[in-house]
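Participant: From first to last, the protein sequence lines are chains A and B.
Under the numbering used here, read the first sequence as residues 1 to 313, first letter to last.
Under the numbering used here, read the second sequence as residues 1 to 453, first letter to last.
If you're looking for bench data, these hints aren't it; they were derived computationally from the structure.
Small disclaimer: the values here were computed from a predicted structure and weren't measured.
There may be inaccurate statements among the hints.
[Said to hold, decoys possible] Here are some chain A residues pointing at chain B (derived, C-beta under 8 Å):
| id | residue |
| --- | --- |
| 1 | VAL145 |
| 2 | LYS147 |
| 3 | ILE148 |
| 4 | SER164 |
| 5 | LEU166 |
| 6 | ASP168 |
| 7 | LYS256 |
| 8 | ASN261 |
| 9 | ALA299 |
| 10 | PHE301 |
| 11 | ALA303 |
Note that the Cβ used here is the ideal one computed from N, Cα and C, for glycine as well.
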Amino acid sequence: MRPEQKKPDQGKKAARRRLSAKHREWLSGYLFVLPDAIGLLIFLGLPMVLSLVLAVFEVNGFGGYRYVGMANFVRMAKDPLFWSAVRVTAVYAVLLVPLLYVCGLGLALLVQKTNRFNAIMRAMFFAPHMVSLVVVAVVWQFMVVDKIGVINKLTPLLGIAGISFLGDPQFALVTVVFVSLWFLMGFYMLIFLGGLQDIPKEYYEAATIDGAGPFHCFWHVTLPLLKPTSFFVLMVSMVAAVAGAQAFDIIYVMTKGGPANSTSVLIVYIYQQAFSFGAFGYAAAMSSVLVIVLMLVTAIFFAMTKGGRFTYD
Amino acid sequence: MTDIKTPGNGISRRQLIRKGALFTGAGLAAGLTGFPYINRMAVRAQDAPLKFWQFYAPGGQVASQVDWFTQMISAWNDSHKQKVQLEYVPNAEYINGPKLATSFASNEGPDIFLISPGDFLRYYNGGVLQDLTAHIDAATKADFPETVIANRMVDGKIYGIPMEVEPMAMYYSVKAFEEAGLNENDVPKTWDELLEVAKKLTTPNRYGVLFETTPGYYQNFTWYPFLWQGGGEFQSNDGKSAFDSPATVQALKFWQDAVKSGAAPRQVLGNGANDTIANLAAGYCAIQNVGIWGISQLAGNAKDFKYGVFRLPTPANGKYMTVGGGWAFVANAKGKSPDAAAEFCAWALASMDKGSVQRVADWCTKAKSDMPPRNSALKAGGAAFTQGNIGTFARDIYPGTRAEPRVPPEVYKIISDAIQQTQLGGADPRHTATAASRQLDAFLASYSGAPIL
Numbered sequence: 001m002r003p004e005q006k007k008p009d010q011g012k013k014a015a016r017r018r019l020s021a022k023h024r025e026w027l028s029g030y031l032f033v034l035p036d037a038i039g040l041l042i043f044l045g046l047p048m049v050l051s052l053v054l055a056v057f058e059v060n061g062f063g064g065y066r067y068v069g070m071a072n073f074v075r076m077a078k079d080p081l082f083w084s085a086v087r088v089t090a091v092y093a094v095l096l097v098p099l100l101y102v103c104g105l106g107l108a109l110l111v112q113k114t115n116r117f118n119a120i121m122r123a124m125f126f127a128p129h130m131v132s133l134v135v136v137a138v139v140w141q142f143m144v145v146d147k148i149g150v151i152n153k154l155t156p157l158l159g160i161a162g163i164s165f166l167g168d169p170q171f172a173l174v175t176v177v178f179v180s181l182w183f184l185m186g187f188y189m190l191i192f193l194g195g196l197q198d199i200p201k202e203y204y205e206a207a208t209i210d211g212a213g214p215f216h217c218f219w220h221v222t223l224p225l226l227k228p229t230s231f232f233v234l235m236v237s238m239v240a241a242v243a244g245a246q247a248f249d250i251i252y253v254m255t256k257g258g259p260a261n262s263t264s265v266l267i268v269y270i271y272q273q274a275f276s277f278g279a280f281g282y283a284a285a286m287s288s289v290l291v292i293v294l295m296l297v298t299a300i301f302f303a304m305t306k307g308g309r310f311t312y313d
Numbered sequence: 001m002t003d004i005k006t007p008g009n010g011i012s013r014r015q016l017i018r019k020g021a022l023f024t025g026a027g028l029a030a031g032l033t034g035f036p037y038i039n040r041m042a043v044r045a046q047d048a049p050l051k052f053w054q055f056y057a058p059g060g061q062v063a064s065q066v067d068w069f070t071q072m073i074s075a076w077n078d079s080h081k082q083k084v085q086l087e088y089v090p091n092a093e094y095i096n097g098p099k100l101a102t103s104f105a106s107n108e109g110p111d112i113f114l115i116s117p118g119d120f121l122r123y124y125n126g127g128v129l130q131d132l133t134a135h136i137d138a139a140t141k142a143d144f145p146e147t148v149i150a151n152r153m154v155d156g157k158i159y160g161i162p163m164e165v166e167p168m169a170m171y172y173s174v175k176a177f178e179e180a181g182l183n184e185n186d187v188p189k190t191w192d193e194l195l196e197v198a199k200k201l202t203t204p205n206r207y208g209v210l211f212e213t214t215p216g217y218y219q220n221f222t223w224y225p226f227l228w229q230g231g232g233e234f235q236s237n238d239g240k241s242a243f244d245s246p247a248t249v250q251a252l253k254f255w256q257d258a259v260k261s262g263a264a265p266r267q268v269l270g271n272g273a274n275d276t277i278a279n280l281a282a283g284y285c286a287i288q289n290v291g292i293w294g295i296s297q298l299a300g301n302a303k304d305f306k307y308g309v310f311r312l313p314t315p316a317n318g319k320y321m322t323v324g325g326g327w328a329f330v331a332n333a334k335g336k337s338p339d340a341a342a343e344f345c346a347w348a349l350a351s352m353d354k355g356s357v358q359r360v361a362d363w364c365t366k367a368k369s370d371m372p373p374r375n376s377a378l379k380a381g382g383a384a385f386t387q388g389n390i391g392t393f394a395r396d397i398y399p400g401t402r403a404e405p406r407v408p409p410e411v412y413k414i415i416s417d418a419i420q421q422t423q424l425g426g427a428d429p430r431h432t433a434t435a436a437s438r439q440l441d442a443f444l445a446s447y448s449g450a451p452i453l
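Isolated chain B (complex conformation) (with noise of 0.2 Å):
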């Protein structure tokens, strides 16, 4: 039998399999041995920059905030031999996504990246936090006041470096309030007056009020408030479940009524209730239960529209109280040099050097608006923190601010269940209570990572 030659290149078929085989077994050999362990080899190697992992897109919502880090970069990698290399990581795959998770499971996780609290004790219990408390001066852990600092620390060393402090509040539209004969007096006091305003704030294409409807870390943490304003917790002194009680109740209930009257949504839009362009600005609520980070999204996103931001309602004979989340510069102690990775941390936001200090006031009023979580830094702010809409935040609303707890995931997971499981699927807020706080006390029993704060 000849060989049937392909036309015009004259390789015969044989050749051609013989080639394609040799080609591919060749390829799959240096795929399982070579080349994967020499790329390794080279991201390892000593000079190569430390990675920093980041959800601030280039050309992203807000450029100030991309400009803020890649200038922070700049000043570092000007004044040290050690390189530090900014890498984003969308938002969608930073957030309880499995950009993160996946990279430490293949120990190629980022040397330094942020966190939020609802992830601390994940990290913190899997061992790959970084202490850096020894990069850090006694001077500069006293400008870090306690409520903001304590969510970061284990047995007095310091894991996180909190960049903000982000208090919820509720922001209105003043157009919205117009149209329906109301202005800046009828602003609600109490849930039930929050409720009363929101129904006459419905209309056939707005809700009254927003609330987050979409499971996750974020809807827990923006309930919180309403659990602590009546003096709620989950876990009591002895290390028990407290959620058994009538202020989770009520809390539960709270959120059950404003979707049941109809004035509130049981769909957020765009990228969820964080988001004030897709929801307030749009025109798609009247109201939106929202952080401080709000002021910046309108300020870069809808400079036109007006709006007026109040502190969060209280149950009757409950006592005001608000949440602060915030990320935090965390280092990775499996990582290339964990104290290098330290020291930036260090140096980029907690420092009594004035750079650093300005650095987290320019975070707070330049590139986002967020309360400082240095005292230092709100001082250097100075008259950012007293005009506008952020000096609302300053004086009325940022003083109520509780920590963002830190939970494990499964306690989170227990929350989020009874949230989503009274607001949405209409189930009896006691009896969810109840089953609720059976399951964290289950768990409770066999925990033993860092404690639960």
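The following block holds chain A by itself, in its conformation from the complex (with noise of 0.2 Å):
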């Protein structure tokens, strides 16, 4: 600021212009972001301390309230059907996890280049995600029902018939979780695509000058220079996975949590245990749990990869 245009006589405003351009910079940042903070303490963080206080009472969604203290704890640690969920939530996180980092990661690398196919390209890979996810799943529900659903109609030709993709225990979860993919690798490739375009070209030059080859420039530069995407798509593919809109949506609309609650992760188990059977304490109970696991879990994958950030040797 140049001193030629201070007026000290003008009492606030020279307070104010005595903050450093530093502060100056702290302020106007959080003032941005105030708006935001704000709905999210409103609409999630009050929510999650209100039913972390919901878990210690029995709540029949009729205005019922009743202390039990650790009860709706101690029941759920008697429930099989809740374990049977934790179960399958994992086994849903580690199928979808990895095959999106893979998937998403693959189809960045595919369509990186800039050219009007590769264009075409991303947009066709990122269409499943601008749809509604209940529509994906009544689609894909359609398209794998037995005998008449189109899938059905071609895994002949692949020498395997019979499948009953949403029907049986064996194949249901592994539907969903391919369905899950489907919907979601277009929006991790963005993500790829932004953490690839951020990597200097001199490094690929500089490599390619000392004799690297295409996998010694993947494995040597690109994987390590995505550390921070690779953190990123990694934490918020994994919540997705445990709590996420997919989580729940494609798996209500496409199996209701069955057959025999062979797709019945644990957010489709919360809900029902809330609005089917009108549990409200119980449901609170277990969704406290899963969001302190969650929060957990993310501060030791952020304490083991220092969130992703670069280590200089």
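Dock the two chains into a complex; use the hints.
Facilitator: Now the structure itself:
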């Protein structure tokens, strides 16, 4: 700020001008995020706290509250369906997250060069993400329906026939993982594309001059420099797999948690307990545990990877 | 430092931030304190119409059903000071969905709404069902057959007024029968015969017979008659579980065998096994286990489809029985005006007034295809209940009807899991019945709500 512009007799304005550029930037930044922060606090933070409070009550959904202490948590520990839901959620996440990472990165590498063909391919891969989850679930449900679904018409060509993709507990979870992957991989492709474009071309040129082939370039340049993006993708996809919209919407529409609870992930079971059975307190207890476990896993992952930051050896 | 002006509008960035913050703050303050309260006050104003939530959509699948609702509301509003307003809630959000549950949790539940027997105990035990008895005279009460009204009553008081009785039966495609060289004389009478016929009707593109496969209240509802036909129950007279019985095992095994044989699908189409258009009329199956409402579905949406109906086959040495579901009008005891809501329910469906009787008859003959829950409405319907497939229901199928049981959600889930594990999970029916029975006993020992029927 130029000294000749100062007007020290102008009260408040003068006080504000005493702020350093760094502080002004700091203040502006926080002011800009303030509306979102308030929204998050009210619509996410507050419900999370209230959910924790609700977890120690028996709530019937009609205004009846009864303090039960840790009873909901004890019930959870003894509930075989809760543990079944935990197991199904874990399998869903363990299958989906690595597949999302590999497919998202693979697609990004495939279409990273800027040309018209790749622009069309990017749009095509991202297109599923533009469709409503419910529509995705309904369309796929029809495509894999027993006997007459288009997929079931094609499988005999591969030497397999008579598979009930959503009606057989052996295949139902794998099918919803596949549909979730189809829906999400275009989104992660875009994130990886952003990460790939941030890598300076000079690194590849230097590596190529040193005799590195495409594989070495990928292994020694691309992957290490994609660490922050990889960290983000793994974290977000893990949270999405455990508690995300697609984990609920696709499964609820396609299978309602069936057959025989084989796709009943925790988020579906929580919904069922709350809205079908009216056990709001028990559902809140399970939600609280889910949030705490997610936060713990995130913190451990964050600590282990240093938030995906580069390490300078 | 000079303020950086935004080109064109003359507002500085600092002013923009200040005004934005003021606007956000004012909005939040109003939102947190004033506006919702004011809105609620407006909604709860004494002269505001009573809210009636139902799931028959404007322009929905069967127009006559929507018309019936709108005509009923018009008739009431024309003759009463306290108005009633229809509010449509999509089916997916209504049945097993969050809409009703969250509305009551936030004390904003509808004044009048529809519930099935499967939901009765949840709402009754929650204390939100208004006692309607005072608004129903003795003659009208006697007009409801005991078997129809019993599962809406607690301690002799009426908490819901049924609008229909919906017995389950089997529908078959005449074309599919003809293609398989079968005719109406081949209609199966026993479970074994049904499986045999279903195998003959099964082709690479079609299943022989279809039962519900999606877990939910509806699947349990459709399975109950197969349990009862062998003499099975899920609760004995002493209040303990009766689920661990040969009748349970054979009913679970029957559905399992149908799937194992390849004659019945593991998935159903459309809105589920209650949807005759997506399954039977579309050719996905040749025989479908569905209720009396299938007649109006097919009449409204597949006029040229030729079909027949027959009553549920029985096991060897079993007794014919079917289940009759149906929705009921109920009033919210915690609503704006529970008495007015109760008066409306009684006026609509439970009065000896000619209009009330005709309304029930019209619902069951013109709007939907159902059996009426009142003797007077059966008479008023006249010839409609003697002709065609409704006549078949009235003569052959309805006489063996037992009302859909009302069970708490915990009991529903135990039974649902047993059906799913055996039908689709391949579990041993005997072990499943025993395990489910233990779970039932554990729950029943601590249950303290209204009687399970």
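Participant: Are the hints correct? Go through all of them and say.
Facilitator: Hints versus structure:
1. The beta carbon of VAL145 (chain A) comes within 5 Å of a beta carbon in chain B, closer than 8 Å, and the hint placing it at the interface holds.
2. The interface hint given for LYS147 (chain A) holds, since its Cβ lies 6 Å from the closest Cβ of chain B, which is under the 8 Å cut-off.
3. A cut of 8 Å between beta carbons decides the hint on ILE148 (chain A): the least distance to chain B is about 6 Å, and the hint holds.
4. With 8 Å as the threshold, the beta carbon of SER164 (chain A) comes within range of chain B, its nearest partner Cβ sitting at about 4 Å, so the hint holds.
5. Satisfaction of the interface hint for LEU166 (chain A) is found here, the shortest Cβ-Cβ separation to chain B being roughly 6 Å, below the 8 Å cut-off.
6. Evaluation of the ASP168 (chain A) hint against chain B yields a held restraint, the C-beta minimum of about 6 Å falling below 8 Å.
7. With a cut of 8 Å, the hint placing LYS256 (chain A) at the interface with chain B holds, because the nearest CB-to-CB distance is about 5 Å.
8. With 8 Å as the threshold, the beta carbon of ASN261 (chain A) comes within range of chain B, its nearest partner Cβ sitting at about 7 Å, so the hint holds.
9. For ALA299 (chain A), the interface hint is violated, the least distance from its beta-carbon to any beta-carbon of chain B being 31 Å, above 8 Å.
10. Hint status for PHE301 (chain A) relative to chain B: violated, with the closest Cβ pair at about 32 Å, above 8 Å.
11. At a threshold of 8 Å, the smallest CB-CB gap from ALA303 (chain A) to chain B is about 35 Å, leaving the interface hint violated.
Figure legend: structure checked against the earlier numbered hints; hints not met, in rising order: 9, 10, 11.
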